[in-house]
Every structure is written in structure tokens, then in C-alpha cells.
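Participant: Given chain Z's structure and the hints, the job is docking chain F onto it.
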Amino acid sequence: MSNIEAPHRAKADRPVEAPASAEAQPLYASRQKVYPRRVFGPVRSVKWAVLMFCLALYYIVPWLRWDRGPGMPDQAVLVDMANARLFFFWIEIWPQEIYFLAGALILGAFALFAVSSLFGRLWCGFTCPQTVWTDLFMLVEGWIQGDRNARMKLDQGPKNANYWVRKGLTHAVWLAIAAATGGAWVMYFVDAPTVSMEILTGQASIEVYFFFGLFSGFTYLLAGWAREQVCTYMCPWPRFQAAMLDENSLVVTYRDWRGEPRGKAKAEGVGDCVDCYACVHVCPTGIDIRDGQQLECIGCGLCVDACDNVMAKLGRPKGLIAFETLKNLAASEAAAAGMAPGPERQKAGMAARDVPRFLRPRTMMYAGAIGTVTLVMLGAFLLRSTLDVTVLRDRAPLFVRLSDGSIRNGYTIKIVNKRREETPLLLALRAPEGFRVVVQDADADAQGRPLLTRRADGITQYRVLLTAPNGARLPESTPITFRLLEPDGREVASQSSSFVGPRS
Amino acid sequence: MPTKIEKDSLTGRETTGHEWDGLKELNTPLPKWWLWTFYATIVWGIAWVIIYPSVPGWRGTSGWIAREAVVADVAQAQARTEPMLARLREATPAQIVADPEMRNFAIAGGRVAFGNNCAGCHGAGGQGAQGGFPSLADDDWIWGGTLEAIQQTIRHGIRSNESDEQRQSQMPRFGADGLLTAAQVGDVAEHVLALSNRATDQAAAGRGATIFAEQCASCHGEQGEGNRELGAPRLTDQVWLYGSTKRDIVAMINNPRAGVMPAWGQGRLDPATVNMLTVYVHSLGGGE
Numbered sequence: 000m001s002n003i004e005a006p007h008r009a010k011a012d013r014p015v016e017a018p019a020s021a022e023a024q025p026l027y028a029s030r031q032k033v034y035p036r037r038v039f040g041p042v043r044s045v046k047w048a049v050l051m052f053c054l055a056l057y058y059i060v061p062w063l064r065w066d067r068g069p070g071m072p073d074q075a076v077l078v079d080m081a082n083a084r085l086f087f088f089w090i091e092i093w094p095q096e097i098y099f100l101a102g103a104l105i106l107g108a109f110a111l112f113a114v115s116s117l118f119g120r121l122w123c124g125f126t127c128p129q130t131v132w133t134d135l136f137m138l139v140e141g142w143i144q145g146d147r148n149a150r151m152k153l154d155q156g157p158k159n160a161n162y163w164v165r166k167g168l169t170h171a172v173w174l175a176i177a178a179a180t181g182g183a184w185v186m187y188f189v190d191a192p193t194v195s196m197e198i199l200t201g202q203a204s205i206e207v208y209f210f211f212g213l214f215s216g217f218t219y220l221l222a223g224w225a226r227e228q229v230c231t232y233m234c235p236w237p238r239f240q241a242a243m244l245d246e247n248s249l250v251v252t253y254r255d256w257r258g259e260p261r262g263k264a265k266a267e268g269v270g271d272c273v274d275c276y277a278c279v280h281v282c283p284t285g286i287d288i289r290d291g292q293q294l295e296c297i298g299c300g301l302c303v304d305a306c307d308n309v310m311a312k313l314g315r316p317k318g319l320i321a322f323e324t325l326k327n328l329a330a331s332e333a334a335a336a337g338m339a340p341g342p343e344r345q346k347a348g349m350a351a352r353d354v355p356r357f358l359r360p361r362t363m364m365y366a367g368a369i370g371t372v373t374l375v376m377l378g379a380f381l382l383r384s385t386l387d388v389t390v391l392r393d394r395a396p397l398f399v400r401l402s403d404g405s406i407r408n409g410y411t412i413k414i415v416n417k418r419r420e421e422t423p424l425l426l427a428l429r430a431p432e433g434f435r436v437v438v439q440d441a442d443a444d445a446q447g448r449p450l451l452t453r454r455a456d457g458i459t460q461y462r463v464l465l466t467a468p469n470g471a472r473l474p475e476s477t478p479i480t481f482r483l484l485e486p487d488g489r490e491v492a493s494q495s496s497s498f499v500g501p502r503s
Numbered sequence: 000m001p002t003k004i005e006k007d008s009l010t011g012r013e014t015t016g017h018e019w020d021g022l023k024e025l026n027t028p029l030p031k032w033w034l035w036t037f038y039a040t041i042v043w044g045i046a047w048v049i050i051y052p053s054v055p056g057w058r059g060t061s062g063w064i065a066r067e068a069v070v071a072d073v074a075q076a077q078a079r080t081e082p083m084l085a086r087l088r089e090a091t092p093a094q095i096v097a098d099p100e101m102r103n104f105a106i107a108g109g110r111v112a113f114g115n116n117c118a119g120c121h122g123a124g125g126q127g128a129q130g131g132f133p134s135l136a137d138d139d140w141i142w143g144g145t146l147e148a149i150q151q152t153i154r155h156g157i158r159s160n161e162s163d164e165q166r167q168s169q170m171p172r173f174g175a176d177g178l179l180t181a182a183q184v185g186d187v188a189e190h191v192l193a194l195s196n197r198a199t200d201q202a203a204a205g206r207g208a209t210i211f212a213e214q215c216a217s218c219h220g221e222q223g224e225g226n227r228e229l230g231a232p233r234l235t236d237q238v239w240l241y242g243s244t245k246r247d248i249v250a251m252i253n254n255p256r257a258g259v260m261p262a263w264g265q266g267r268l269d270p271a272t273v274n275m276l277t278v279y280v281h282s283l284g285g286g287e
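First to last, the sequence lines map onto chains Z and F. Numbering follows numbering that gives the first Met the number 0, in which position 196 of the first sequence is assigned residue number 195; successive positions increment by one, without gaps. Numbering follows numbering that gives the first Met the number 0, in which position 189 of the second sequence is assigned residue number 188; successive positions increment by one, without gaps.
Some hints could be false.
Claimed, not checked - Some chain Z residues close to chain F (C-beta under 10 Å, calculated; not the full set):
hint, residue
1, Arg-394
2, Pro-396
3, Val-399
To be verified - Heads up, simulated SDA-like pairs for lysine to any residue below, C-alpha to C-alpha not over 25 Å straight-line:
hint, chain 1, residue 1, chain 2, residue 2
4, Z, Lys-413, Z, Ala-55
5, Z, Lys-413, F, Thr-14
6, Z, Lys-413, F, Val-111
7, F, Lys-31, Z, Phe-217
8, F, Lys-245, Z, Arg-472
Bear in mind the hints are in silico, worked out from the structure with no lab data behind them. Beta carbons: idealized from backbone N, C-alpha and C, even for Gly.
Next comes chain Z alone, as it looks inside the complex (with noise of 0.2 Å):
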């Protein structure tokens, strides 16, 4: 479905012919360390405010509170792991129920292919934990060291006092931010304000400092040193978000047929690129957008804001780079090819485009699927019950031949109550007549039939002789069933089991 191309376009300085030494191509890349500018526009204060949300997000939701009544977590969104239970506000999930997890883990890989499709890789530019800390990590480094020309200045500077005050301050804010952020990890399996006294005050469990110190360490690693590599080349989600993309999404593309060839302003029969390489020193990722769509591309559309900015100085049309759909970027191509560089060709380019198809079947299809499985949890989450009922048949002994040569089997019912109070059931039973109930340690109702206590948000176990009549001629096995019943009759849960006797 997908086809997209990189479109090649071959530039004067780069020779295209192979390399004839091992100096034109090296077998192994070394890192070349990005300097991004910093930027302003409308993209950037989008991206700003992107960030604040994620940020606040991730690091209040652990402190909100929500009552569930005594000895219970008063935490709003706490995975509970000694208790093996997931509260998530007024919903409470066993380990049972952890598909609940999956589903929500589907929906959002469904949602995921459908904005890609849609805008691209809006995920990657502007909500990915990665590029978030990235962005804060970078604000952090410009306000220390000052923007790119400053701290590459800095970098290849001697190592003077002024140098290593300004990077050591750096890496301890980087250090404290990444402290915050694994201690709120954390924080989302243990009650928040206690487990933060406990680190603070060194009463914290080795688990505790182990994951706090393994999300401290990561964070400090990769928005700190990793960065861009952790996009370009850790992360697989790059590797075939292609195929999520087509010619209908909008990424963040170069209007070549307006900006090529490049030029000085002022010079004559150029496009309007006027090849400032603003667009260059703002990636975050250190790429040349004019390249064309690629890899290490993220999406996150600084270049339209650095872009704009200079054209707008320079009294062009704003709009050289902008998210645009590749269908619209041939069809201008085709309209504006021929044509000399200036204002007619860039208004010839722009009336051939078309408003981005946004119902398309693979939308529609992704649309399908996030309906679907909404519907499907949201079904499953509405009938989920709040009992379930476990009958194990005593393996060893398989039955027991009783003095008076009646047989009886032995049961283990496990009663699983996710309702925090205590009632009573009664265990009635589906079989031939005659059988006789005994339950160990329960009491019985006025007509002598068992009386079970399901127990407050945990697990009853009861166990069960059942003694078949005296002198019955039964089968090797007889199909039984255990009910549960309301004291008032109604039953609640049943399941079947089986007795067995002696081979006749």
C-alpha cells in the first residue's frame, strides 16, 4: 500500500560516484554530536505545551488520592504488586483480569497506526518519553551553556574553569531531573508520599532504590548522552512506521519544487531556499530535511518554525517546509514543473493541491479496530463478575469407601469475591438424589443447608465432602454441580464438577 521513496536528489557537493578509499567510506560512523538552535513558532510552543501536559501527567498522578475505604490504598493509580491488584480510580483489577491491561495496551498500538497514518509521526515529535526528556534535558543544557553557537563554542573551548562549572551544573540538573523521574516510577507501585520519605530518609527497600536507580540511570543515559540514537537506532518503531505511512499523511516535508535551486536572496533565477540551514541547526535529530523523507526523521516539525522564520524576514510566502502529504507534494511538483523560480511558480505549485484524504480505507480500517476493541472491553469490563467460583476434586483420594459402604468424594471450593463486603452464600448442589452435603467449617442455614462466607475482596476456600446415598449404583463418574446461591434463592454462580466412584 505504502510506497514511499526517499526522493533523491542529487547536490552539486556531494559526489555521487563510489568511493575509491577507505577514507570516502568509512565502515563504522561516529557519532556526530547535534547542536540544536533554539527555535520559535508555532510548531515549537505546540511541542512547549505537549511537553508541560506529558510531564505534569506523569509526574501528579501518583500523588492523586482516592478513597476506597479503610485498609485499602488510598492512591488514585497504584499497581500493587505485594497485593496483586491494579487500581486505576474507581476501578480495581485482579491478576486474573490483567487481558483488561492487554486490551488497553492494543488500543493504544491501534491508535498509535492510526495517527501515523493520519499526521505522521506525531508520537515520535512531540509525546515519545524519549524525545520529551530529550527537549527538557536541551532547555536545560541552553539555559546553562547558552544556545548552539555558544555551547559548540564551549565544546571545542579549553577546559577552563567557565567549561567545567557549566557542564558540571548541567549534569547535575540532568541528574535531578532524572532522579524526579525514576522516583515517580516508582511511585506508581508503592504509595507515593511514603516511598518518597523512605528514599529520602534511606528507609526504602533494596527493590525500591534498585528500579529507582535503573529509571534515574536511563533517564540521565538516554535524554542525556543517548538521545538521537536512541530514535535512529535503538528504537524499532522507526524501522516499520513506514508502512503505516502513505501518500495521503502529512510529515514534514520540503517543497522542493519551490525551493530548488537553491540561491543567495538577492540572486537571480534561484527558488526561494535561499540555503540558510536554519532548518539544519534546529533538528534535533541533525538531519536535512531538503533530503527528503527519512529515518531519522521524528517528525516533531522544528524546521517549519525555523523555516518560517526566515522566510517571513525575507517577505516570501511562509510554507517552504510544512507538514504536507506526499500526493499533494507531486501534484505541486507536477504543476510547478517547468515553470522559472519566483512567485508564479510557487502559486502554480500551491493551487494543485488538493485537502488531505483523511477517510481512507486503512483509516477507516484502524477506526474499526479502536471500535472494536473499545467495544470489546468495554463489554467484557460491564459483565465483568464480581465472583468467581473454583471446584477442585480431591485428586489423592480419588474417593473414599466409608464403613458403612457408601462412597464419598472430597472437593475444594475456592469462592473469589472482588466486592469489599462480607456476605453469606449458600451451596446447593445439581445432582442425583439423595447425596449429602458436608462442608468443613461452615455454619448452616434454619433448613440445614451449607452457609458460605465469601470474604471481603479476597478468596475463600472451603472444603466439601459429598457422600453418595448408601447402596446407590452409580457410574465411575456422575456429572455434578456445585451452586452458589443468595440467601434469598438466587443463584449467583454454579460449576460443575464430577463424582466418582469404584469401577462397577
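Facilitator: Below, chain F alone, put in the same frame as chain Z:
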């Protein structure tokens, strides 16, 4: 096929001297990160050998021994359960059953102890085994199925001569020692069958009833109801330790068999464990 090592004109590297169908392989050095990781593992390995007991006879500089670590772990686990075991040791089985916390612990601990010590004869879950290993899950008890009786049996054993308070009984060898003739043994056996309504020869059963009253009733009771004080099994029910056919019964009267159970409370098991076993066995379904 080995060829001459030559210098590649494009990369300036040497070839390995191997050629396959005209393809020559470049002698490309290992990536530095790989090489250094490899060296680091060597250093790590040497340090490991020095620090830990890696070679027979070498205890390592750290003094850490896996066996001692296990001993320490076991001691730690025992220390954790010790307060509960102390309570179980002091309490009577009846007190344990009355306390839910102690009871749960005792049944869980009893299940493990039963698997380790008792299941060999009595089977998993106390289901019993043919040849004189009674089921502990049914409602038929030779020496009694109350908590006290079960505790007494476990603690002092049966006919093992390990305790003065052991369960002791001996059925005479009526046939083998000539106390009864073969015909009389057959008659008594017929009467025993009659006790559980299975006699086929009423005349023989009638003759056997007289002999039973003289020879057997003192232990097994007038009606064959058994006597737990003496460990004489009930003969009227349908649970038979050594078989229920006339042939089995005749064999028992001729040359009785008697099982032996060790006195588990005499230096074998901790009193707390005996109590846990008592509660567990009592919970199997036949407890009285």
C-alpha cells in the same frame, strides 16, 4: 580454498586468504566495543575464580560457600516460623483447631510433614494402601479418630516398641497355633461374614457364632463392633484392612498380621509437627 593474502584495493584491508567461488573475504577487525566487552568478561572471569570457590579445594577470598548459604537460608526460614511453632508446641490439638490462625498453619504444615513422613505407607491424602495401611480419610478408625486418639497414635506409634505408651495388641494365631481346627476357623469366618450380612452358609455361620462368642468377642465385641481400646477392628462394616473375602478372613484367623507404625513423637518429629499432623489427619474427612 586458501589463496594468497592480498591487499584489497577498495578498502585498503587485507583479505583472510579464503576464497569461495571467486569471493574473497576481507579480514575485518572485530568492533572495538565487542572486543573490549570480551576482554572485560575475561577480567570478570578471573576475578570470579579468585573471589568464589571455583576450583575444588579453593574456598575463594570472599568465604562464600553455597552450602553454608543454604544452611543460613534454612535457619532464617526456621527462625521465621519458630514463634508459630512454639505456640503449636504448647497448644493441645483441640486448642489449635479452635484458633483459625493456628489451624491454617497446622493444616498447611501438616500436609508437608505428612507428605514427607506418612504418605509412604498411608498414601497421598491419607488414602491408605492395600496390605494393612489404613485409610485416614474414611470414618473407620482402629485406634480412634478423635484429636487426642490421633495425637496419641502418632506420638507413640503402634507395636514398634519405641514407647511405653505405644498402641499394643496381638491377635492370637488361632489356626497356626492349633487353638482352632481348620473347620472351626472356616465356621468363624462364615460368622464374621454374617456380621456384615454376607454369609452364604447359615449352618456354618451358626456354628461359628458360638466359637466367636468364646474366642473373639472379648476383643472384637459381642456383635463384632470392635474395641478401640484394644485396637480390635470393627467387623460389621465394609472397611477391611487385610481384605474382605472369606479367604482373607480365614487367613487372618489362621495367622494374623499386625502392622507397625513408628513412634513419631519419640525423637523423630518435633511435638509441634506431631500436633500439625494430628490436625491435618483429623481434617482429611474422618475426624471425630
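Participant: Please list, smallest to largest, the hint numbers that this structure does not respect.
Facilitator: 4 and 5
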